[in-house]
Structure formats: C-alpha cells, structure tokens
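Novice: Residue numbers (the numbering used here), protein chains in the order written: chain U, 12 to 324; chain S, 12 to 324; chain B, 12 to 324.
There may be inaccurate statements among the hints.
Copies of the same chain look alike in the list, so a pair counts if it fits in one copy or across any two.
To be verified - Derived pair list, reagent style DSS-like, types lysine-lysine, alpha-carbon separation capped at 27 Å:
hint : residue 1 : residue 2
1    : K15       : K260
2    : K211      : K263
3    : K41       : K261
4    : K159      : K222
5    : K131      : K41
6    : K41       : K17
7    : K215      : K15
8    : K131      : K263
No wet-lab data here; the hints were simulated from the structure.
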Amino acid sequence: MVWKRKHLLGMEDLEVDEINLVLETAESFKEVSTRAIKKVPTMRGKTVVNLFFESSTRTRTSLEIAAKRLSADTISFTANSSSVIKGETLIDTARNIEAMNPDIIVIRHFAGGAPYLLTKYVNSSIINAGDGAHEHPSQALLDMLTVKEKKGRLEGLKLAIIGDISHSRVARSNIFGFTRMGAEVRVAGPATLIPIGIEKMGVKVFYRVEKAIEGVDIIMMLRIQLERQKGQFFPTLREYSRFFALDVKKLKLAKEDVIIMHPGPINRGIEISPEVADGPYSVILDQVTNGVAVRMALLYLLAGGGSLLNSES
Amino acid sequence: MVWKRKHLLGMEDLEVDEINLVLETAESFKEVSTRAIKKVPTMRGKTVVNLFFESSTRTRTSLEIAAKRLSADTISFTANSSSVIKGETLIDTARNIEAMNPDIIVIRHFAGGAPYLLTKYVNSSIINAGDGAHEHPSQALLDMLTVKEKKGRLEGLKLAIIGDISHSRVARSNIFGFTRMGAEVRVAGPATLIPIGIEKMGVKVFYRVEKAIEGVDIIMMLRIQLERQKGQFFPTLREYSRFFALDVKKLKLAKEDVIIMHPGPINRGIEISPEVADGPYSVILDQVTNGVAVRMALLYLLAGGGSLLNSES
Amino acid sequence: MVWKRKHLLGMEDLEVDEINLVLETAESFKEVSTRAIKKVPTMRGKTVVNLFFESSTRTRTSLEIAAKRLSADTISFTANSSSVIKGETLIDTARNIEAMNPDIIVIRHFAGGAPYLLTKYVNSSIINAGDGAHEHPSQALLDMLTVKEKKGRLEGLKLAIIGDISHSRVARSNIFGFTRMGAEVRVAGPATLIPIGIEKMGVKVFYRVEKAIEGVDIIMMLRIQLERQKGQFFPTLREYSRFFALDVKKLKLAKEDVIIMHPGPINRGIEISPEVADGPYSVILDQVTNGVAVRMALLYLLAGGGSLLNSES
Chain U
12 MVWKRKHLLG MEDLEVDEIN LVLETAESFK EVSTRAIKKV PTMRGKTVVN LFFESSTRTR
72 TSLEIAAKRL SADTISFTAN SSSVIKGETL IDTARNIEAM NPDIIVIRHF AGGAPYLLTK
132 YVNSSIINAG DGAHEHPSQA LLDMLTVKEK KGRLEGLKLA IIGDISHSRV ARSNIFGFTR
192 MGAEVRVAGP ATLIPIGIEK MGVKVFYRVE KAIEGVDIIM MLRIQLERQK GQFFPTLREY
252 SRFFALDVKK LKLAKEDVII MHPGPINRGI EISPEVADGP YSVILDQVTN GVAVRMALLY
312 LLAGGGSLLN SES
Chain S
12 MVWKRKHLLG MEDLEVDEIN LVLETAESFK EVSTRAIKKV PTMRGKTVVN LFFESSTRTR
72 TSLEIAAKRL SADTISFTAN SSSVIKGETL IDTARNIEAM NPDIIVIRHF AGGAPYLLTK
132 YVNSSIINAG DGAHEHPSQA LLDMLTVKEK KGRLEGLKLA IIGDISHSRV ARSNIFGFTR
192 MGAEVRVAGP ATLIPIGIEK MGVKVFYRVE KAIEGVDIIM MLRIQLERQK GQFFPTLREY
252 SRFFALDVKK LKLAKEDVII MHPGPINRGI EISPEVADGP YSVILDQVTN GVAVRMALLY
312 LLAGGGSLLN SES
Chain B
12 MVWKRKHLLG MEDLEVDEIN LVLETAESFK EVSTRAIKKV PTMRGKTVVN LFFESSTRTR
72 TSLEIAAKRL SADTISFTAN SSSVIKGETL IDTARNIEAM NPDIIVIRHF AGGAPYLLTK
132 YVNSSIINAG DGAHEHPSQA LLDMLTVKEK KGRLEGLKLA IIGDISHSRV ARSNIFGFTR
192 MGAEVRVAGP ATLIPIGIEK MGVKVFYRVE KAIEGVDIIM MLRIQLERQK GQFFPTLREY
252 SRFFALDVKK LKLAKEDVII MHPGPINRGI EISPEVADGP YSVILDQVTN GVAVRMALLY
312 LLAGGGSLLN SES
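Please put together the full structure from these sequences, using the hints given.
Specialist: Below, the structure written as structure tokens:
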C-alpha cells in the first residue's frame, strides 16, 4: 500500500491499512536508533517546524530527535514566543511560518480542532501533536507499536484505559485506533471523569478498576493532571489513589502476561504505584523508545515516503 | 561588484550598488527554498550566533532557517538567558560569545546603537536585527526585494509609510533604503507619532492617511505596539483605527495596482482591516518568504561570499 | 593511554594520566575552531542531550558549539520544561530521555550528587556540567588547559582561589585538579565563606587576599552570586569589594607574570576591577575559548574516542 494522506490529524479516520503501514515503517526505522550512526539522509534539506502552544518535553523532544535522525532541519516555536504574546492569531502565525517554506508543521494546541483549522489555511503537511481533549494520534500509534511488539498482534486483545477519560486526548486516540484494529477497549474511572455516551465509541464502561482490568492483556493508566484538579472531579488525590491507582494487588486481576502502559510523565504514587511503574509488566519506557520510531515513520511518510531501501545510507 | 563590508548595521550608509548586490544575491537564493532539498553547503562548518535581547519569533526564525539552508550551525541566546539575568554587561556577553569563534553574530537589542558598539569590541561580523528605534536593515532589504519583484524596479515609485513613525526602526530603515534607490517616500500618522524634522530624511509628511496614499504604488502599514501604548500618543485604539487604519475604502485612493506591506505581526482590525490584509493587493506573506532569501544573502555575503555558482551543490 | 571512563562526574577521582589525555585531546581539537570549516565528522549521527536544571548561558552554549563542531545532534532541556513543572522525578526524566537512545547526557543540577545518581539508573554516558556546590569538572579542565598553555606546565605552580569558597563547585573541582597535578593551591575569602576543615583538601587557607596572592602564578577570582547574598555572609557588597576584590594595587603582590582567571560571568567592580578584568594579565576570554575545546575532547573521549587522525575530515 502507498501512503496518500497529506496530514495526520487524528486516529478517527485512519484505515487499518494505513495504521499497519505506519507501524511497519516505524519498525524499520527503530533499528536506526540503535546504530552507532543514528542517522539516515532521508529528509536532508527538508524543514520541520514544531509549533507548540502547550508545553511539552517528551513529545517535542521525541519529534526533534526523530527529525534529526532523518537529517531534517528543525525549528521550534513555543507559546511564549513573541508573536503569540503580541496577539497574532493562530492562522496568521501559521501562514507566516508557511511563507518560510517548511515541509511539515507539527502543532500542539490547547484548542481541539486547531490542527484541522490550519489545513484550511496552509499548504504544508500538518501533524497533530495533541489538540485540547480531542486527539493525539502519534501517541496512539506509538502505543499500538508497543503492543504489537510485545503481543505480536492487536486484534482480539483486551485493553483497559483507566483514569480521566473525559479530558484525555490520549484515551480518545487509542479508543479509535485499538477498536479499529479489532481490540476490545474498556474504560474506567470516577463517574465524573467518564463522558456520557462514550459507549457509542465502541467501548465498555466500568466504574471500578477491579472489574475493568479483569482478564485484560493491556492496562493503560492515564495521568492525573494535578495542575487541573481543584476538587471538581474527585474529593482528594488520596481518595483517587485509593480507588483508581494501579498497584500490585489490583494488577493480579489482569492476565498473567499483562503489560502496563502510561503516556507519561507519571505521578508516582498517585495513579500508579512505583512497584508497578518499574515492575516487570511495565512497558512505559518502550513506549518512549517507540515514540521516536513512530514519529520518524510519520515524518517520512508525510514528506513523500518512497522506498525505504533506497533512502538509507 | 564585490561585497566589502564586514558588518550590516543599517541602511543609512548602504550604497546603491550594495543594495543591488544583496537583492540580486537574494533572488538567486530564493530558488533554493523551493527545491525538494532546500539546502546548499555554502556555510558548512560556519557558526552563526543569534543574540536576542528583545523577543522575536519571525526574525529569529527567518534567520535560523536562512542559516540552516546555507548549512551553517546556529546557536540562539535570548534575553532571559542566565548571563543576562546575572547582570553581565552586553560587551562582556558579546566578548564571551566571540571567544567561542563564531563567524557571524546577529543581534537584536532594545538600545539603538548596541550593534555598532559591539563592532568596537568583537572581531566577528555583526548583523543588526533591530536596535531600539534606530534601524532594522534586513527588514528594509526584504521589503525592497518584495517591491522589486512586484514592480520590477524601485526608482520612481511612490511609497507611503503609515503609523507610528517615531518608534519604528522599520520605517527608518525603509526611508533610508527607498530614498537612496530613488523612490519617493511619504510618511503619515498622528502628529504625536511623527518625529519633528523628519523632512530632513527626504520624506514628505502627512497627517491624514487619505492624502498620503493618494496615487502611491506601495502602502506600508506599521504595527501599533499595543504593549507600549498607554494613551500618551493617541486617545484610544478605536480612534486610531478610525483615522489611520487601512481599509478597503481608503485603499481606493492609491494606484490601481498598489501593493500593501506590513512587517508583521499584524493587529487585525487595528492598523489594517482583515479584508485588506488578506486581499489581492497584500504582499505581506511574500515579505516573509523574501525574508529568508534576504537573510541567506546577507549571511552569505558577510561570511565571505565568493561565487554562488561554485557554492551550490 | 586509552580513556576507559564511561562518565565524567568530577575531578576528585581523575588520575594524572586521564587529565593529561583530556588536555592533549583538547589541544588537538582547539585547532578545529580556528579553521574556515569548523567541523569534523567525528560524532556524526550521535545524540547529545543537555539536561539543565539550573540556568546557564556559557556552559550550555559552549557544550552545544562543541557538539556541533563534532557533527553531533544536540537536544536541550531546561528546568522550565514541562515535565519538570509537571512534577516528574529526576530519575524518571532521565530514564525517559535514555529511552530515546542518546549517546551522552550532560546534566547541570542544583543538587550535588544528581549526576552520580543518574549513572545508577541510565546507560548513557553522563557529563556533570555542575552539581550544586559539589563539582564542575569541565570548568576545572578548561582552567587547567588555559594554565598549561600560558605557563607550559601545571606542576609546581602557585594558584590562589579567591572568594566564596564554600558555595563554589568551580573552586572544589580546581582544588582537586590542581593539587593532583602538583600545583600549590591557596584559598582566600571572608571567614564565613571558607569551609571549616578545607585544609584537608591539601590547600592553604588565607583570610586576607594580600597574603594569599603573594608570589602566586595564577589568581582565580570567583563570582559573587549576587542573587544568593542576603547579608548572611558579609555585611555589604561594598565591604566585600573593599577587602576581597582584585584591583591593580593588590595585583602587584603576585608574580610579575601572574595570570588572572574567572569562570564568568564577571561582576565588574565587585569581585574584580575592570582594569584587571580587561588588563594584560587576564586570560578570562582564553578560558572561554578553551571551554569549547575541552568539551569537544570530553564528548569525543566519552563517545568512544579512537584515533583522532582518522576521525578528522
């Protein structure tokens, strides 16, 4: 199959073949990062702009490393940059960047839909690196790559996503992706943090973690956004941890070969106990490693792809 | 002609031949940014330091992209960097940077004359990327390149610069540049924002926009620095907009093939109406594109130049 | 001799042969920075991550330039990056970076021992770029390179370090390094700023600058951390300057060919008079130049070294 999409805005409309192509391309690129010379000339002379309106260490760094390993030039903009402070609109900022002839613009924005809006106004390829509570497709793809590596497949697996489902773009993108690939997806969390009607996305809803993780192959813990909580959604962090954190005891209810995922950064002792985060079932750091490979694959495919064989040095 | 200047501090003393050489070199480089591989090896192994004491998205990014397309290494310093916070003097900061053997130092500083001061203390080539209300020569050169592209020439054209003339380094540099090249320059704005005696720079002064733009080929709108205004210069933004903003109605007074420029970032609805900013006469985004080309030309010429033909890969 | 160390955490346990190897390698690299093309392909395709939990202009820039001149890719993290704000632990941050397969992690941290802690949790090579009041080994090595260049040797020289000895990682690293190489080290400062028992490090303690610099070959002035002083350690800056600043008069007590060093950024008129900082004995800017060379050497040796001859292009 050949990649035809110009942008990557979300998992919602990605087809099975497209997901498979990204994962296979990422597998090929993964090897590059373990070489002594971690670099292929594939994107030499291409410009990738990172336009980040929300702070991020992990995603921005992962993207920057991915771009550099493909030999692309990278330029980073952050929300405290002056034009944003000076009150320029998102579209004007984007059109100005566009005028400098980048090949790909990667955007993270606090407003859901911002990346889609950009596609109407600029000609570059757009990658959504997280938009509000909407989607974070490269996170879902790196999660899927990690599961595929560990389990050999995605179809037929049982995945439980635990935590603040309402505000999580990671949850949404993974629900779209895993259900599309034939996995069973369960969500669990406090009733205040599970959107009404989420069953329509094809998931099973649980309000007790113990029930949700019974017999699952994968547990994905979401981060509690400490900076956002002010007691509206649950009484105290301590109460949240007591009922919803993943600890060794709860873990026993899952399958024996369960894997534990977390998009990071983790709050040790809040949504996940240190024993679990660092334990033998955790694949949290594999996710990070796979993040670089998936983003290399996405940049590569959106920049025009072509034969991987020819493009390696 | 051969480029002999070591620094680019302002338009005030640039000769006609020098301006033409920059514009012609920029035209050659412009093509590089439209290639699939947007890179020439011209400045491989050269180091360009961006030393920014005022925030900037556009100029800094434009310079970084220009340097990378020439294969130079770039290092960026910003005003919130620690040495500045720690109270080091400008000259000590610059001499320290110099000791790391950069080839070119690009400086933006809130004090007029800072780039000139540096030339007395360091050996590197200095590019002024904006100093107080004094000069911003690379902006004027990209403006001139844009006009030349659209009109085929600079000589004999009529240019109206509208807005806060007093505090605008963009206005000053363009006045020097366009008058030197034989264009007629008019300035207009509230009387409080037009410096007394500016006629000595060879411009015509107007206090009504309608009069200033009558029959002109080019209108250059300046940005109202919202962050600076506190009612000293005009009563309210609304009043300013009413009298000085460029809208479709006022636009009709100019020549039929007038072009509209703005150094950005624009304040939509304040100094320029969205219909005009996005309309058919606007060349605002061409200015941004030309900014990269002009800065490639400047870096190239100051780094030693040589035959462009040989330097391309 | 062959470099065998994986990390550079401090000067405390560096052997004479190791110090000599770093200095000799730095001497070879120094020439690279004076070439027209300031770049060797030695570290092409290697990734260097700068992880800075304290602000720094000089050290971070010096490292970035060093890495780029070796053709390595660099990624910078700073303390205001989001993961740190979001409350991730140091070890989790480091393990996440590690998962992206960097070759070398350079860390600056406000807590002494942080770089050592990292070595227990990550597999990359770690360079300590300053940890609390503990060590700053690359600074000591660049200081030693500067002295060796100016004096031809280290053994038998007399060095006086003046200022806030208690809080200075620069002082500690230099004490370890210079005493190891057979130099005599003296320290001087207000009694409140000299740690009790420092004689055990093999130094002579003075409370009067005049006595300390009598007959020395090298004077190293330390920076007064203006931002830290609140009157606990000395009554006023003026009083400090009066007694401890290096001025032309005090300077006469040293040897005729004394050299003056300072790790920067300097506080003109506080710990050092402008006449001395800019005078003929000052080697402060040589230190900065040598910083790039020493950091090239360290990156090169920690990344696996090999024959310098073969690695140059």
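Novice: As a check of your reading, is K159 near K222 (CA-CA no more than 27 Å) within one copy, between copies, both or neither?
Specialist: within (25 Å within a copy, 70 Å between copies)
Novice: Taking 27 Å as the upper bound on the Cα-Cα distance, should K131 and K41 be classified as within, between, both, or neither?
Specialist: For K131 and K41, the Cα distance is within 27 Å only across copies (25 Å; inside one copy 33 Å).
Novice: Treating 27 Å as the Cα threshold, decide for K215 and K15: within, between, both or neither.
Specialist: neither (33 Å within a copy, 56 Å between copies)
Novice: When no copy is named, should K211 and K263 be tagged within, between, both, or neither for a Cα gap of at most 27 Å?
Specialist: Neither, since 29 Å and 55 Å both go past 27 Å.
Novice: Please sort K41 with K17 into within, between, both or neither, judging by C-alpha distance up to 27 Å.
Specialist: both (23 Å within a copy, 25 Å between copies)
Novice: First find the shortest C-alpha distance between K15 and K260 inside one copy, then the shortest across copies, and answer within, between, both or neither for a cut-off of 27 Å.
Specialist: Neither: 47 Å inside a chain and 45 Å across chains, both beyond 27 Å.
Novice: Have a look at K41 and K261 and pick one of within, between, both or neither, based on CA distance no larger than 27 Å.
Specialist: neither (33 Å within a copy, 59 Å between copies)
Novice: Indicate which option fits the pair K131, K263 if close means a Cα-Cα distance not exceeding 27 Å: within, between, both or neither.
Specialist: neither (49 Å within a copy, 29 Å between copies)
Violated hints, listed in ascending order, are 1, 2, 3, 7 and 8; each of the other numbered hints is respected by the structure.
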